[in-house]
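Chains Y and E, in that order, give the protein sequences.
Note that the first sequence covers residues 1 to 97 in the numbering used here.
Note that the second sequence covers residues 1 to 136 in the numbering used here.
Just so you know, not all the hints are guaranteed correct.
To be verified - Listed below are the simulated DMTMM-like cross-link pairs for lysine to aspartate or glutamate, each with C-alpha atoms no more than 25 Å apart in a straight line:
{"id": "1", "chain 1": "E", "residue 1": "Lys97", "chain 2": "E", "residue 2": "Asp57"}
{"id": "2", "chain 1": "E", "residue 1": "Lys97", "chain 2": "E", "residue 2": "Glu45"}
{"id": "3", "chain 1": "E", "residue 1": "Lys97", "chain 2": "E", "residue 2": "Glu12"}
{"id": "4", "chain 1": "E", "residue 1": "Lys111", "chain 2": "Y", "residue 2": "Glu82"}
{"id": "5", "chain 1": "E", "residue 1": "Lys63", "chain 2": "E", "residue 2": "Glu120"}
{"id": "6", "chain 1": "E", "residue 1": "Lys111", "chain 2": "Y", "residue 2": "Asp75"}
{"id": "7", "chain 1": "E", "residue 1": "Lys65", "chain 2": "E", "residue 2": "Glu120"}
{"id": "8", "chain 1": "E", "residue 1": "Lys118", "chain 2": "Y", "residue 2": "Glu82"}
{"id": "9", "chain 1": "E", "residue 1": "Lys118", "chain 2": "Y", "residue 2": "Asp63"}
{"id": "10", "chain 1": "E", "residue 1": "Lys111", "chain 2": "Y", "residue 2": "Asp49"}
{"id": "11", "chain 1": "E", "residue 1": "Lys111", "chain 2": "E", "residue 2": "Glu45"}
{"id": "12", "chain 1": "E", "residue 1": "Lys63", "chain 2": "E", "residue 2": "Asp36"}
{"id": "13", "chain 1": "E", "residue 1": "Lys118", "chain 2": "E", "residue 2": "Glu56"}
{"id": "14", "chain 1": "E", "residue 1": "Lys111", "chain 2": "E", "residue 2": "Asp21"}
{"id": "15", "chain 1": "E", "residue 1": "Lys111", "chain 2": "Y", "residue 2": "Asp50"}
{"id": "16", "chain 1": "E", "residue 1": "Lys118", "chain 2": "Y", "residue 2": "Glu85"}
What the hints assert, rightly or not - Not close to chain Y: a few residues of chain E, all C-beta gaps over 10 Å, as computed:
{"id": "17", "residue": "Ala13"}
{"id": "18", "residue": "Gly17"}
{"id": "19", "residue": "Asp21"}
{"id": "20", "residue": "Gly38"}
{"id": "21", "residue": "Gly40"}
{"id": "22", "residue": "Pro49"}
{"id": "23", "residue": "Lys65"}
{"id": "24", "residue": "Asp70"}
{"id": "25", "residue": "Pro81"}
{"id": "26", "residue": "Lys97"}
As the list claims (entries may be wrong) - Reference excerpt, derived from the structure (chain Y facing chain E, CB under 8 Å, subset only):
{"id": "27", "residue": "Leu34"}
{"id": "28", "residue": "Gly38"}
{"id": "29", "residue": "Gly83"}
The set of hints was computed from the structure by calculation and includes no laboratory data.
A quick note: this is a predicted structure, and the numbers were derived from the prediction, not measured.
For each residue, glycine too, the CB sits at the ideal point set by N, CA and C.
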Amino acid sequence: MSKGHMAARRGFRAMHVRVRFFATYREVSGTRQLTWSGRDGATLGHLVDDLITKFPRLAGYRDTMLLAVNHAFVDPSVRLREGDEVALMPPVSGGIP
Amino acid sequence: MIDLRRGQIDVEAVVDGVRRDDAGAIVVFLGTVRADPGVGALEYEVYRPMALRMLEDLAARAKSKFGAFDMAIVHRVGRVPVGADSVVIACAAAHRKEAFAACTWAMDEVKRIVPIWKTEARTARSRRKRGRATSK
């Protein structure tokens, strides 16, 4: 068995996902996108926790943050996969009908 | 027609896109940039692939939910000046009641769930006034 397979069996395999920031979150984080590396099996919630550590000013927005994986809204409990595209988005434009 | 575009929206072309002989009504909604105090334009930012997918889905749902024949949704992105159209929705149906209902529902959904954000671009006069206020 190769070293890679052994690492995967132990759950140490690194996973890379593309993270995109929009509107206020782009301004707060100072970036449009980044590549996040996490353990295989990590959830979207883990990623958000990690990014809040990296960009503490995002913490105040957590409750209203919209999250999407591969262009669909999802819950923080969803498990991420290699190559996913994650988006962190503030509530959309809204307005009075 | 589902589109997110930088330039001016050709409303006539959007309407023609849904026009058909068995329709007795085409309802067209234009969302325009309002001249609120100090606002010279609105700047729209979009998460393009997700917004396009959601607009396609909204148009399909509007058709099945209200029995409309066709729906077109075109939204501008980038800077849109006061008075210009920022969004156009056209809906064709057999009768006006379904067309109005589908159009109203679709516009509410666009505002509620489609990843498009707007920020106000201030007029030069408003920026000067603000600058004076903050320098004191």
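For E/Lys65, is the shortest beta carbon distance to chain Y beyond 10 Å?
Its Cβ never comes within 10 Å of chain Y, the nearest being 18 Å, so this holds.
With a cut-off of 25 Å on the C-alpha distance, tell me whether E/Lys111 and Y/Asp49 pass.
28 Å, violated
Just want to verify: E/Lys97 was marked as not at the interface with chain Y; is every Cβ pair farther apart than 10 Å?
18 Å, holds
Run the distance test for E/Lys97 versus E/Asp57: straight-line Cα separation, threshold 25 Å.
22 Å, holds
Would you assess whether E/Gly38, listed as outside the interface, keeps its beta-carbon beyond 10 Å of every beta-carbon in chain Y?
18 Å, holds
Is it the case that E/Gly17 keeps its Cβ farther than 10 Å from each residue Cβ in chain Y?
For E/Gly17, whose nearest Cβ neighbour in chain Y is about 24 Å away, the distance exceeds 10 Å, so it holds.
Given Y/Gly83 as an interface hint, is the shortest Cβ-Cβ distance to chain E below 8 Å?
15 Å, violated
Please verify whether E/Lys111 and E/Glu45 have alpha carbons no more than 25 Å apart.
13 Å, holds
Beyond 10 Å from every chain Y Cβ: check whether that's true for E/Pro81.
Holds, since 17 Å exceeds 10 Å.
Within 25 Å, alpha carbon to alpha carbon, are E/Lys118 and Y/Glu82?
32 Å, violated
Would you check the hint for E/Lys63 and E/Asp36, treating anything up to 25 Å between C-alpha atoms as holding?
With a Cα-Cα distance of about 34 Å, the restraint between E/Lys63 and E/Asp36 is violated, given a limit of 25 Å.
Hinted pair E/Lys111 and Y/Asp75, Cα distance within 25 Å
Holds, because 21 Å separates the two Cα atoms, which is no more than 25 Å.
Checked against the numbered hints above, the structure breaks hints 2, 4, 5, 7, 8, 10, 12, 14, 15, 22, 27, 28 and 29 and satisfies the rest.
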